[in-house]
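Make the full structure from the sequences, and use the hints.
One line per chain: the protein sequences are A and B, in this order. Under my numbering, the first sequence has 138 at position 138, and the numbering climbs by one with no breaks. Every number in my numbering is 1000 more than the matching position in the second sequence, counting from 1.
By construction, these hints were calculated from the structure, which means they are not laboratory data. Where hints are given, some of them may not hold.
Each pair of labels, with its calculated beta carbon distance range [to be verified]:
| # | chain 1 | residue 1 | chain 2 | residue 2 | range |
| --- | --- | --- | --- | --- | --- |
| 1 | B | Ala-1411 | A | Arg-80 | 29 to 39 Å |
| 2 | B | Val-1434 | A | Arg-80 | 15 to 25 Å |
| 3 | A | Lys-421 | B | Ala-1404 | 50 to 60 Å |
| 4 | A | Val-361 | B | Glu-1424 | 45 to 55 Å |
| 5 | B | His-1033 | A | Glu-418 | 54 to 64 Å |
| 6 | A | Ala-307 | B | Ala-1451 | 17 to 27 Å |
| 7 | A | Pro-436 | B | Arg-1275 | 37 to 47 Å |
| 8 | B | Arg-1080 | A | Ala-303 | 33 to 43 Å |
Here are some, though not all, of the chain A residues that point toward chain B, as calculated from beta-carbon distances under 7 Å [said to hold, decoys possible]:
| # | residue |
| --- | --- |
| 9 | Thr-16 |
| 10 | Lys-25 |
| 11 | Gly-168 |
| 12 | Thr-203 |
| 13 | Ala-211 |
| 14 | Ser-267 |
| 15 | Arg-278 |
| 16 | Leu-416 |
Ideal Cβ positions, reconstructed from N, Cα and C, are used throughout, including at glycine.
Here is how the chains run, residue by residue.
2 protein chains.
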Amino acid sequence: MTSHPPLDPGASALLTDLYQLTMLKSYYERGMHDTAVFEFFVRKLPGARNFFVAAGLEQVLEFLENLRFTDEELDWLAGRPGFERGFVEQLAQLRFTGDVDALPEGTLYFPHEPILRVAAPIAQAQLVETRIVALLQLGTLIASKAARCVLAAPGKLLVDFGLRRAHGAEAGLLAARAAYLAGFDGTATVLAGKRYGIPLYGTMAHSFIQAHESETGAFLDFARGHPDNTVLLVDTYDTEAGAEKVARIAPQLAREGIRVKAVRLDSGDLAEHARKVRAILDRAGCKDIGIFASGGLDEYELAKLAAAPIGGFGVGTALTTSSDAPGLDCAYKLEEYAGIPRRKRSEGKATWPGRKQVFRVLGADGRLEHDILALHDERQPGTALLQPAMRSGGRLAPALELGAIRAYARAQLAQLPEHLKSLEHAEPAYRVEVTPALRALADEVDRRQRALIESDVPAG
Amino acid sequence: MTSHPPLDPGASALLTDLYQLTMLKSYYERGMHDTAVFEFFVRKLPGARNFFVAAGLEQVLEFLENLRFTDEELDWLAGRPGFERGFVEQLAQLRFTGDVDALPEGTLYFPHEPILRVAAPIAQAQLVETRIVALLQLGTLIASKAARCVLAAPGKLLVDFGLRRAHGAEAGLLAARAAYLAGFDGTATVLAGKRYGIPLYGTMAHSFIQAHESETGAFLDFARGHPDNTVLLVDTYDTEAGAEKVARIAPQLAREGIRVKAVRLDSGDLAEHARKVRAILDRAGCKDIGIFASGGLDEYELAKLAAAPIGGFGVGTALTTSSDAPGLDCAYKLEEYAGIPRRKRSEGKATWPGRKQVFRVLGADGRLEHDILALHDERQPGTALLQPAMRSGGRLAPALELGAIRAYARAQLAQLPEHLKSLEHAEPAYRVEVTPALRALADEVDRRQRALIESDVPAG
Chain A
1 MTSHPPLDPG
11 ASALLTDLYQ
21 LTMLKSYYER
31 GMHDTAVFEF
41 FVRKLPGARN
51 FFVAAGLEQV
61 LEFLENLRFT
71 DEELDWLAGR
81 PGFERGFVEQ
91 LAQLRFTGDV
101 DALPEGTLYF
111 PHEPILRVAA
121 PIAQAQLVET
131 RIVALLQLGT
141 LIASKAARCV
151 LAAPGKLLVD
161 FGLRRAHGAE
171 AGLLAARAAY
181 LAGFDGTATV
191 LAGKRYGIPL
201 YGTMAHSFIQ
211 AHESETGAFL
221 DFARGHPDNT
231 VLLVDTYDTE
241 AGAEKVARIA
251 PQLAREGIRV
261 KAVRLDSGDL
271 AEHARKVRAI
281 LDRAGCKDIG
291 IFASGGLDEY
301 ELAKLAAAPI
311 GGFGVGTALT
321 TSSDAPGLDC
331 AYKLEEYAGI
341 PRRKRSEGKA
351 TWPGRKQVFR
361 VLGADGRLEH
371 DILALHDERQ
381 PGTALLQPAM
391 RSGGRLAPAL
401 ELGAIRAYAR
411 AQLAQLPEHL
421 KSLEHAEPAY
431 RVEVTPALRA
441 LADEVDRRQR
451 ALIESDVPAG
Chain B
1001 MTSHPPLDPG
1011 ASALLTDLYQ
1021 LTMLKSYYER
1031 GMHDTAVFEF
1041 FVRKLPGARN
1051 FFVAAGLEQV
1061 LEFLENLRFT
1071 DEELDWLAGR
1081 PGFERGFVEQ
1091 LAQLRFTGDV
1101 DALPEGTLYF
1111 PHEPILRVAA
1121 PIAQAQLVET
1131 RIVALLQLGT
1141 LIASKAARCV
1151 LAAPGKLLVD
1161 FGLRRAHGAE
1171 AGLLAARAAY
1181 LAGFDGTATV
1191 LAGKRYGIPL
1201 YGTMAHSFIQ
1211 AHESETGAFL
1221 DFARGHPDNT
1231 VLLVDTYDTE
1241 AGAEKVARIA
1251 PQLAREGIRV
1261 KAVRLDSGDL
1271 AEHARKVRAI
1281 LDRAGCKDIG
1291 IFASGGLDEY
1301 ELAKLAAAPI
1311 GGFGVGTALT
1321 TSSDAPGLDC
1331 AYKLEEYAGI
1341 PRRKRSEGKA
1351 TWPGRKQVFR
1361 VLGADGRLEH
1371 DILALHDERQ
1381 PGTALLQPAM
1391 RSGGRLAPAL
1401 ELGAIRAYAR
1411 AQLAQLPEHL
1421 KSLEHAEPAY
1431 RVEVTPALRA
1441 LADEVDRRQR
1451 ALIESDVPAG
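Rendered as structure tokens:
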């Protein structure tokens, strides 16, 4: 039995890779305290995806604001080989005092576009890499998956049912948030409702029906206990037989003042069952009882069910695990140190050097026309997407309401070119131009680095 | 700025689906307090997987031991529609007082075999469903993926590098634990080292090299700062040129008492680079400098690299997202209530009713021969896999040392039939027999339920 509830592991400065700490030790020892500029970007669109939706910035800012090592963590570190007390004492002082520029959550983005830039003393900017990558990857994965579901099921109620298949507590909560942000209507995850104010949905499981000797009895018990939230699960034994029972008890419940809102289907051929169930309900005069469906749904299944008489869907595993793409080829890369642009040249992993900005140009129809990847201080047409979010470790504005982010994301999706709304890989891909000045900088960095590498012949 | 560190969301009783609470309300109102028996199992092996490794039980037991609603959570609930104060007051008393039987962590298992059984008053057994499914799914996914990596790279050092791609804080920590349990040698995740005592690995990122004007200078700085942990990343600009520099500085470092343990490759054709780097190091007399590789690895890549002169691997995204199968078709199903066996009949989702046990029969070679899925009180040949873990809400034994679980898992993998060690889908699948008594019970439950359903004609 623990006497105190355990602390959120996401809040620990030790939720990082060991190499961050070994590098910090060297930076401190060598007096390397200059400003490092890191940018986070995704290298490519996975599978059939045609765009990304940014999410996770709010969690990054919270993490940076609260970054510090606790005494207990420092004591543990000081007992480990390679981490002397002097180094640990420097860690005790570490706070995040840097600047952050980022795409607002809900913004559409594309490969190689930085969505977050950190400029801070190198030790700070380095230490936070692991957590920043994790939060921005997860946010992007789920928000983008949710957006695909929204595009596949226009006008339908969409609810996140995926907590049980999410990879742990934080994944479930952040998935609920990212899905709602990207256009879902709510979640089944109670704690996400409490933390983020997301509308909650949920009624009963098969076990509820099974625990009653009679299915009708279970329906009546539930309806009378939840007169304002009566959705009845009808597929425990036989979907159509279940629907017949609902049709038969609906008038009785109506006399008691209870309206059955919907039945839920959770197995079999959902389109076929929905048509049969609709007919059963309509014949019985229950035209106002809706049909809600769940069970193994993803954006492709939603698209197939577009014509079925189903008003809403619960989406689980595919959403919260981002099943088609559970990870992204993404990176948080050093682009500048001590005022000098840098460029990694590893095969297949080269980056654009320097502080950058993304400009977005809209067409006459108000849709995305193309983006421009530029140096941060270039003047370019269009709107600059990276916005100041934090200066000297302090937020520039309080956290946005999630509802406001959701409205913005909806407007963003409305700006998506029609062919990129496809669930299949779309050609041509969205155009991201690289400015001549950025290309020139990349060449210059290459030349300088090559010269340094060639002259870098150590004493034997 | 938060004045108190945030609490672990995984410890909250509200980390559950709303329908658990709506069902609880009905159970309380109807006075349904009888014992419910739920079992967790996986329906099928995903993709090319041939077995599962059980993991996550320890987290389930911790969760059940500490289950309670806080006053703050109850106040929030009481303000929501449908949750009257009387119900909320009953929730305040809720503790887990039930029994748990489970497969020890590290045990191999197969589809339809229950790996955990909960027997408790129905409200308790129901409420914990969401969290139990999440923890056992995640544990199984990662431990099984890690075991495949171990089978693909016998004798090689394997390190979890995947925190940044894991789906959040808990996923990263539990992935580190599950991977170590299944045979990995360590993790880069510092907090996993602290929490679980897992050996930590890690040295430097490309940014460390880039932040120095000279690659050689970066190597020397790092080696002198970490004389006992000198692994040098050589692919930032040009892998072979990087290795040449290491070869040139190694003698100098040796004179300072510093041994370079290894170089790390992180991009390009790892087998090809490893051969070239090995030759460079050998020519320079640095035969004792090892080669460690990372970058986009999974079990298939590890198998391809078996012959390359690489002594160890960092495995990231594929491991911690369980990339080939980020979710499982698994369930926690009601099999008995108030002493009566139950069976869900939903299409494609039927379950075996009643309390069950899994017996494992070994062949003459000591390998797994077949399993028997039986009623819990049947006598069968072989070893009963489900073991008592908790009685009346209390653990029967303290948590096992992770090292002991790891040794057990290693012994389990050694018992795996040779053809099931394949990374490809293996035929024949492992045989799980269902006893005649269990089949007879299923038939009997079907007959009883059919009779009840047919007589279940509600008043109009």
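task = Just tell me: holds or violated, for the beta carbon distance of Ala-1411 (chain B) and Arg-80 (chain A) against 29 to 39 Å?
result = The hinted range 29 to 39 Å holds for Ala-1411 (chain B) and Arg-80 (chain A), with Cβ atoms some 30 Å apart.
query = Does Leu-416 (chain A) pass the interface check with chain B, least Cβ-Cβ distance below 7 Å?
reply = Nearest chain B Cβ about 26 Å off; hint violated.
ask   = Measuring from the C-beta of Lys-25 (chain A) to each C-beta in chain B, is the shortest one below 7 Å?
value = Status holds, d = 6 Å.
inquiry  = Under 7 Å is the threshold here; is the Cβ of Ser-267 (chain A) close enough to any Cβ of chain B for the hint to stand?
reply    = 4 Å, holds
query = Lying within 33 to 43 Å: is that true of the beta-carbon distance Arg-1080 (chain B) to Ala-303 (chain A)?
reply = Distance hint for Arg-1080 (chain B), Ala-303 (chain A) holds at roughly 34 Å.
Outcome of range test on Cβ distance (Lys-421 (chain A), Ala-1404 (chain B); 50 to 60 Å) = 53 Å, holds
task = Verify the interface restraint on Thr-16 (chain A): the C-beta must sit less than 7 Å from at least one C-beta of chain B.
result = It holds, given that the least Cβ distance between Thr-16 (chain A) and chain B is near 6 Å, below 7 Å.
ask   = Can the hint on Arg-278 (chain A) be confirmed by a CB-to-CB distance to chain B that is less than 7 Å?
value = 18 Å, violated
key: Restraint check, 7 Å cut-off on beta carbons, for Gly-168 (chain A) near chain B   = 3 Å, holds
task = Would you settle whether the hint for Ala-211 (chain A) is holds or violated, based on the nearest Cβ-Cβ distance to chain B being less than 7 Å?
result = 5 Å, holds
key: Hint check: 7 Å Cβ-Cβ cutoff, Thr-203 (chain A) to chain B   = 5 Å, holds
key: Consistency of beta-carbon spacing, Arg-80 (chain A) to Val-1434 (chain B), with hint 15 to 25 Å   = 51 Å, violated
Against the hints set out earlier in the document, violations occur for numbers 2, 6, 15 and 16.
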